[in-house]
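Undergrad: Listed below are the residues making up each chain.
There are 4 protein chains.
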Amino acid sequence: MAAIKEYYTIGLHDTDAAGILYFANQFRIVHVAYERLLDRIGYPLRQIIRDTVFLIPVVHAEADFHQPLTMGDTVEIALSIAAIGESSFTLAYRLYSLDGDLVGSAGTVHVMADGKTKTPIPLPPDFKNRLRELME
Amino acid sequence: MAAIKEYYTIGLHDTDAAGILYFANQFRIVHVAYERLLDRIGYPLRQIIRDTVFLIPVVHAEADFHQPLTMGDTVEIALSIAAIGESSFTLAYRLYSLDGDLVGSAGTVHVMADGKTKTPIPLPPDFKNRLRELME
Amino acid sequence: MAAIKEYYTIGLHDTDAAGILYFANQFRIVHVAYERLLDRIGYPLRQIIRDTVFLIPVVHAEADFHQPLTMGDTVEIALSIAAIGESSFTLAYRLYSLDGDLVGSAGTVHVMADGKTKTPIPLPPDFKNRLRELME
Amino acid sequence: MAAIKEYYTIGLHDTDAAGILYFANQFRIVHVAYERLLDRIGYPLRQIIRDTVFLIPVVHAEADFHQPLTMGDTVEIALSIAAIGESSFTLAYRLYSLDGDLVGSAGTVHVMADGKTKTPIPLPPDFKNRLRELME
Chain A
42 MAAIKEYYTI GLHDTDAAGI LYFANQFRIV HVAYERLLDR IGYPLRQIIR DTVFLIPVVH
102 AEADFHQPLT MGDTVEIALS IAAIGESSFT LAYRLYSLDG DLVGSAGTVH VMADGKTKTP
162 IPLPPDFKNR LRELME
Chain B
42 MAAIKEYYTI GLHDTDAAGI LYFANQFRIV HVAYERLLDR IGYPLRQIIR DTVFLIPVVH
102 AEADFHQPLT MGDTVEIALS IAAIGESSFT LAYRLYSLDG DLVGSAGTVH VMADGKTKTP
162 IPLPPDFKNR LRELME
Chain C
42 MAAIKEYYTI GLHDTDAAGI LYFANQFRIV HVAYERLLDR IGYPLRQIIR DTVFLIPVVH
102 AEADFHQPLT MGDTVEIALS IAAIGESSFT LAYRLYSLDG DLVGSAGTVH VMADGKTKTP
162 IPLPPDFKNR LRELME
Chain D
42 MAAIKEYYTI GLHDTDAAGI LYFANQFRIV HVAYERLLDR IGYPLRQIIR DTVFLIPVVH
102 AEADFHQPLT MGDTVEIALS IAAIGESSFT LAYRLYSLDG DLVGSAGTVH VMADGKTKTP
162 IPLPPDFKNR LRELME
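Line by line, the protein sequences give chains A, B, C and D. Using the working numbering, you'd call the opening residue of the first sequence number 42 and step up by one each time. Using the working numbering, you'd call the opening residue of the second sequence number 42 and step up by one each time. Using the working numbering, you'd call the opening residue of the third sequence number 42 and step up by one each time. Using the working numbering, you'd call the opening residue of the fourth sequence number 42 and step up by one each time.
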């Protein structure tokens, strides 16, 4: 089950001269759903960045493009938590047309790092618990 | 050996409030090297889009982020042709700092499709040959 | 009175390493309100682009940045129609914080052009009337 | 005379479904020339952002779009310093096609602000002198 469901309408700025969603923009679109997830678990990204106690850089990202999306298309973005590791977590995103067709998918891996040393650290227990709650 | 080598300096617009390259922009940066590849083999993307005889949408994209890149960093982008299939090809990109460190990598899979029916078609022989020449 | 009111929350991708909204993204944000306006008057941009009977390129754009916006800030975008000419129209956008402070503003001038000749043409009467209705 | 001359080739990511440069991207393209200017006068933006002694936010930006630019078009960007004030400076950008046609123009106003109080401060004398040298 999706932890977060968002809706997004493809804008002119998302498209390219081939008339469809420019592929890299799909990553931007799903990242907004991740920002909503962080809000939901009480760790808004703006605060994480401001506090710099820890960082959560994206270390891997991938996406599949099943159907071309064009301007004005509204997609549902379903974010689910695919895995929670010692110091990382993996998110899976599925993009559906309003007809329910899977039009795209994506995945991102985030590593928790110390704000000063920038080396990986274990996920803080409270953060991990809240992620886990949304995983179930 | 890389088919294409490009240099790119991270601009302010590439970064985000965390002070580093916004991950999705790495895809944009490597795509420019792909555009140079198409120029090189005599199939400029602008012409492909204009002619609409065939399309080459990205159907899969992935990237790894080894080291954070910050504003003003110059990277070398080395594009190589990883695989050539019946109607698709796979590109691999490696991003190096000027010190020679591998700071990121990416891959894209492109499928050749008919401009009208939008269904996969075999790579045109001339296109395939030119790609193959750069693969060796 | 605003013809269109939209809300937008600044995402990580909107910001830059200075920690604030990258200035050029304000233009992108207000353009989405313009896309909503075209939907509202029955001329969705996707259809205009598809039909290519006429084009409405932006010929001038300007913006003022009154207060820095940071990630997670939600702004209200109020679009009003500032002027309707023979073959052009001018839009004015005001961005407010949720406290009601004017944090930014923008303006765009759009010229109606023939889809084939690309030369200016008078605004179609129906299009002009619908714009005028929202101006009052 | 232009203080900075840069060349830029419109990439797929710069265009939109109307087949031309998405207007807001022209601001991004000219800002890169400004980043080169700061490098040239010995105040690289990455260092300004890192030191946070002062900030130079854009407070106003405007652009004109004379001719549509399409993918693969190379433009020359000529940046000149239009005005130097007490605590601000104004830049003017002209974009030329390789045929020498003026295809676009832009202007940005930057205000020097204290890194802590965020209030305007006089341009540091050395900074001002270096700008002035490039103005002549």
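Read the hints as simulated data drawn from the structure, not as lab findings. Every value quoted in this text rests on a predicted model; they were computed, and no experiment measured them. The beta carbon of each residue, even a glycine, is placed where N, CA and C say it ideally should be. Mixed in with the good hints there might be a few duds.
[Said to hold, decoys possible] Now the stretches of chain A that chain C is said to cover, found in silico as 3 or more residues with beta-carbon under 8 Å: (1) 105–115; (2) 119–128; (3) 143–152.
[As the list claims (entries may be wrong)] Stretch by stretch, here's where chain D covers chain C in the computed footprint (C-beta under 8 Å, at least three residues): (4) 49–55; (5) 92–105; (6) 130–142.
Undergrad: Are 3 or more residues of the region 143–152 of chain A near chain C, judged by a Cβ distance of less than 8 Å?
TA: violated (count 0)
Undergrad: When I compare C-beta atoms, does the region 105–115 of chain A have three or more residues closer than 8 Å to chain C?
TA: Per the Cβ count (3), the hint holds.
Undergrad: In terms of beta carbon proximity below 8 Å, does the region 119–128 of chain A have 3 or more residues touching chain C?
TA: violated (count 0)
Undergrad: Are there three or more residues in the region 130–142 of chain C whose C-beta lies within less than 8 Å of some C-beta in chain D?
TA: Violated: only 0 residues of the region 130–142 of chain C have a Cβ under 8 Å from chain D.
Undergrad: Are 3 or more residues of the region 92–105 of chain C near chain D, judged by a Cβ distance of less than 8 Å?
TA: Check passed, 9 qualifying residues.
Undergrad: Can you confirm whether chain D covers the region 49–55 of chain C, using C-beta to C-beta distances below 8 Å and requiring at least three such residues?
TA: violated (count 0)
In the structure shown, a violation is registered for the earlier hints numbered 2, 3, 4 and 6, in ascending order.
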